[in-house]
Amino acid sequence: MELENKRESKVISKNIDVFYGDKQALFGIDLEIYKNEVTALIGPSGCGKSTFLRCINRMNDVIDICKITGEIEIDNFNIYKPDVDVVRLREKVGMVFQKPNPFPKSIYDNIAYGPSIHGIAKDKNEMDHIVETSLQKAALWNEVKDRLHEPGTGLSGGQQQRLCIARAISINPEIILMDEPCSALDPIATAKIEELIDSLKRSFTIVIVTHSMSQAARVSQRTGFFHLGKLIEMGETEKIFKNPNNTMTQDYITGRFG
Amino acid sequence: MSDEHIVKSYDEELQHLNDSLVQMGSLTEKLLYDSMNAITTVDKDAVSKIVESDAKINKFRSSIDQHIMTILVKRSPVAIDLRYAISTLKISQDLERIGDLAKGNAKKILPLPDDLPPEMLKRIESLGEMVQKQLKSTLDCFIEKSVQKSLDTIKSDEQVNDLATASIKEVLEFLSKDKKNLDFATNLLFVCKNLERAGDHLSRICQNVHYLIEGDYPQK
Amino acid sequence: MNKELRRKKRYQAEKRFQLYGIIAISLALFFVGLLVFKVFSDGTSAFSRTMIKLDVTFDANKLGITNVNDKDEVDNADYYTLIYEEFIKSYPFSNREEEKQIIKLLSPDYEFEAKNYFLKNKDQLNKTVTLLLTASDDFDQLHKGNFPRDIPEDRRRLSNYQLKIYDQFLKDGKVEKIFNNYLFSKGDSRDPELAGFGGAILGSLFTILICLLISFPIALAAAVYLEEFAPKNKLTDLIEININNLAAVPSIVFGLLGLGILLNVFELPRSTPLVGGIALSLMTLPRIIIPARASLKAVPPSIREGALAMGASKVQTVFHHVVPLAMPGTLSGTIIGLAQALGETAPLLLIGMVAFVVELPGSPMDPSASLPVQVYLWSESAERGFVEKTSATIMMLLGFLIVMNSLAVYARQKFEKKWN
Numbered sequence: 001m002e003l004e005n006k007r008e009s010k011v012i013s014k015n016i017d018v019f020y021g022d023k024q025a026l027f028g029i030d031l032e033i034y035k036n037e038v039t040a041l042i043g044p045s046g047c048g049k050s051t052f053l054r055c056i057n058r059m060n061d062v063i064d065i066c067k068i069t070g071e072i073e074i075d076n077f078n079i080y081k082p083d084v085d086v087v088r089l090r091e092k093v094g095m096v097f098q099k100p101n102p103f104p105k106s107i108y109d110n111i112a113y114g115p116s117i118h119g120i121a122k123d124k125n126e127m128d129h130i131v132e133t134s135l136q137k138a139a140l141w142n143e144v145k146d147r148l149h150e151p152g153t154g155l156s157g158g159q160q161q162r163l164c165i166a167r168a169i170s171i172n173p174e175i176i177l178m179d180e181p182c183s184a185l186d187p188i189a190t191a192k193i194e195e196l197i198d199s200l201k202r203s204f205t206i207v208i209v210t211h212s213m214s215q216a217a218r219v220s221q222r223t224g225f226f227h228l229g230k231l232i233e234m235g236e237t238e239k240i241f242k243n244p245n246n247t248m249t250q251d252y253i254t255g256r257f258g
Numbered sequence: 001m002s003d004e005h006i007v008k009s010y011d012e013e014l015q016h017l018n019d020s021l022v023q024m025g026s027l028t029e030k031l032l033y034d035s036m037n038a039i040t041t042v043d044k045d046a047v048s049k050i051v052e053s054d055a056k057i058n059k060f061r062s063s064i065d066q067h068i069m070t071i072l073v074k075r076s077p078v079a080i081d082l083r084y085a086i087s088t089l090k091i092s093q094d095l096e097r098i099g100d101l102a103k104g105n106a107k108k109i110l111p112l113p114d115d116l117p118p119e120m121l122k123r124i125e126s127l128g129e130m131v132q133k134q135l136k137s138t139l140d141c142f143i144e145k146s147v148q149k150s151l152d153t154i155k156s157d158e159q160v161n162d163l164a165t166a167s168i169k170e171v172l173e174f175l176s177k178d179k180k181n182l183d184f185a186t187n188l189l190f191v192c193k194n195l196e197r198a199g200d201h202l203s204r205i206c207q208n209v210h211y212l213i214e215g216d217y218p219q220k
Numbered sequence: 001m002n003k004e005l006r007r008k009k010r011y012q013a014e015k016r017f018q019l020y021g022i023i024a025i026s027l028a029l030f031f032v033g034l035l036v037f038k039v040f041s042d043g044t045s046a047f048s049r050t051m052i053k054l055d056v057t058f059d060a061n062k063l064g065i066t067n068v069n070d071k072d073e074v075d076n077a078d079y080y081t082l083i084y085e086e087f088i089k090s091y092p093f094s095n096r097e098e099e100k101q102i103i104k105l106l107s108p109d110y111e112f113e114a115k116n117y118f119l120k121n122k123d124q125l126n127k128t129v130t131l132l133l134t135a136s137d138d139f140d141q142l143h144k145g146n147f148p149r150d151i152p153e154d155r156r157r158l159s160n161y162q163l164k165i166y167d168q169f170l171k172d173g174k175v176e177k178i179f180n181n182y183l184f185s186k187g188d189s190r191d192p193e194l195a196g197f198g199g200a201i202l203g204s205l206f207t208i209l210i211c212l213l214i215s216f217p218i219a220l221a222a223a224v225y226l227e228e229f230a231p232k233n234k235l236t237d238l239i240e241i242n243i244n245n246l247a248a249v250p251s252i253v254f255g256l257l258g259l260g261i262l263l264n265v266f267e268l269p270r271s272t273p274l275v276g277g278i279a280l281s282l283m284t285l286p287r288i289i290i291p292a293r294a295s296l297k298a299v300p301p302s303i304r305e306g307a308l309a310m311g312a313s314k315v316q317t318v319f320h321h322v323v324p325l326a327m328p329g330t331l332s333g334t335i336i337g338l339a340q341a342l343g344e345t346a347p348l349l350l351i352g353m354v355a356f357v358v359e360l361p362g363s364p365m366d367p368s369a370s371l372p373v374q375v376y377l378w379s380e381s382a383e384r385g386f387v388e389k390t391s392a393t394i395m396m397l398l399g400f401l402i403v404m405n406s407l408a409v410y411a412r413q414k415f416e417k418k419w420n
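Just so you know, the sequences run in chain order A, B and C.
Counted from 1, the first sequence has number 116 at position 116 by our numbering; the numbering is strictly sequential.
Counted from 1, the second sequence has number 150 at position 150 by our numbering; the numbering is strictly sequential.
Counted from 1, the third sequence has number 186 at position 186 by our numbering; the numbering is strictly sequential.
Fair warning: there could be bad hints in the mix.
When the alpha-carbon atoms are kept at most 30 Å apart in a straight line, the in silico BS3-like pairs for lysine-lysine are as follows [what the hints assert, rightly or not]:
1) Lys239(A) with Lys177(B)
2) Lys169(B) with Lys136(B)
3) Lys314(C) with Lys92(A)
4) Lys171(C) with Lys234(C)
5) Lys155(B) with Lys177(B)
6) Lys23(A) with Lys104(C)
To give an idea of the chain C side of the interface with chain A (calculated C-beta under 8 Å), a few residues [unchecked claim]:
7) Ala230
8) Lys232
9) Asn233
10) Leu235
11) Ser302
12) Ile303
13) Glu305
14) Leu308
15) Gly311
16) Ala312
17) Ser313
18) His321
19) Leu325
20) Pro328
No lab work stands behind these hints: they were computed from the structure.
Source: prediction; values computed, not measured.
Note that beta-carbon positions come from the ideal geometry of N, C-alpha and C, so glycine has one too.
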């Protein structure tokens, strides 16, 4: 592709192994994620794609029995160095989950939480500004501007998910991880999120795990196929969906095994 | 198709598509044979039968179109399945065109002039046979999904072209000798040209088979 | 046909099961109803007090008051003689014995009742007013119809002579029932008509307050640590088992602990809500920790993940999101634990909160009774007046429990945040 030489690496995974207790969940994952692109990770359930996603912001640290070896470099800096501050890392790498999980607080407070714990806003005015721009970037502002102080849990599923995206971008991260963000949404809400992802990639690097292959084909520039904890194939999304190199990839995306 | 789909009816739909195309192919084969036969034996009665089977081929094509649309809507095929749907769509188009060309040839039947050099007719007959052979191997390479065969078939299209050029030259010579054969010779020219074009359609089919299997067209 | 039969049987089994359920509930309701009926039928009369009207002239000479504004003089005036002399006049008597019987119809507190009235109405000096004086327990019970009159005189608490006086008073319209404010404002007394559970209520409130202040923060901290921070290993398993065991330890054991350690080792004051509250908080701790942990566990992990992914630290995640969400459940658990503590008697008996206390406690450091202990104390007394007071105290205790349990339900419903 003609873009090829303009591409800049954002995340590089080097030989990542993940163990849950005795069970190995990921086997030597090597991959590269480019800046300001959407990278989709697909694969059957339990293939390790979500596990890998959670390695990028070290959410797996929460699980006691989870052990990770290898390196993940973000901007050439290994985030698995022993002295890395996880809080700083997660400020840089935001995450949106499968089920919309707004805090049971007002819409405003949902957005304001991140900036307030990281001390990003100096005063109330600045906070108002952050809340507004975050909601605008998440294409939610027009729908909620008149009810910022109503509970975020009162929104519809799709709006809740966009609220979660607005929350994630409120602290201005560089990377946004999305773990099946549309699996609980109807097609219209899904379309809105996909449109949003498309516009967000100008400012952020996005990694999305999805079960919907058509979604991966629609939103991503590059796609990685995981199977049984291994990265089977990683490449341009168009190539993967038109003519993948690996038969296993082809069998999976054409619905021949699952 | 290497493995079966999880959804059996998807497999059945693709199989049905495959079967339709093969049937359409064998109909075209028959049509081409009949039309060549009718020309060389000046069998005017065969024309109505030929027109009928061409209509049948056209019907096949539109039903294949519909079928592919259904698959696109229902299955959103990707990768090999997507290429399969797209290629069959194109292949059915080319087959239909071949049918039209063969029908056009058959419609041009005129009694053979007395001074017709027998080797000229022989040559045109063999041109027709060559195109029929090409059609057969094209259908084989679709059925077998064979890259090598499709490449071979594309290559042997050159021979069709050469033979067609030679035939046309011969017909023109025949025409220049005696102007009273103008009608017959012109028709014969069309027959040669149509056979050559049928050969071109066949090599396009082979290219599509190549695309279906490999994901790209053969290098020129 | 077989199928038809089986279906019929199935429906019958369903109906039968429902019937069992209805029977069980009716039985339970019947027993509760019986208890409530018994308590109410015994206890409602305790909320009224029989008074006897007496016309009294606050004669300055008799009282020995020269200057109404002299506080000392008014305080030390002889109200006793004034009322005594006035009251025995209200029925003719022929000997000393009869005179005694007359005055015994009044509660011994008449002196103070007259004094209190006069202190509030000093302008009534030398004027005649109608005072309402508390009747004695026997008179009170007779008026409330709790004493039968048709049994032999020697088995009655009131003599024939006294009955005659009662009838005369009734005829003259001198007997009146008023709302028994003493019940709420007074502490214990040997005389049932003067006894109240005011002291017991205050003692219970102090005890519960101490119990809340000690057990809630400790239990919350323990629950949060165990649920959110503690590593899962053998030690924490052991602690968990022991907490559950602690909840099952008989309360009297905590009383012994209070006696042995708080009173004997730390020498805290006996019979006080402070010690009672501490002993009860030991009992309440596991009863708060368990529901608190359950409500922490019920907070969906997605909320924790959401906060962590925003870059919140573990402590921020727990205190900004998890604990507030677990609060309704924790609070209702706390209130129910406190309600149990409120009804607890055994530990209080052991640390000496069973004393006879007339004074109302002013602070948790003062000796005091508590509601359940008051029930225990009065139920041992022979006087008919204490029987109705026992039931009244039970009603009070039940009232408190109902209020607290409703509060628990309210807390759960009002503050519970829907996360989906």
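Exercise for the section: Hints the structure violates: just list their numbers, smallest first. Expected result: Numbers 1, 4, 5, 6, 7, 9, 10, 20, in rising order.
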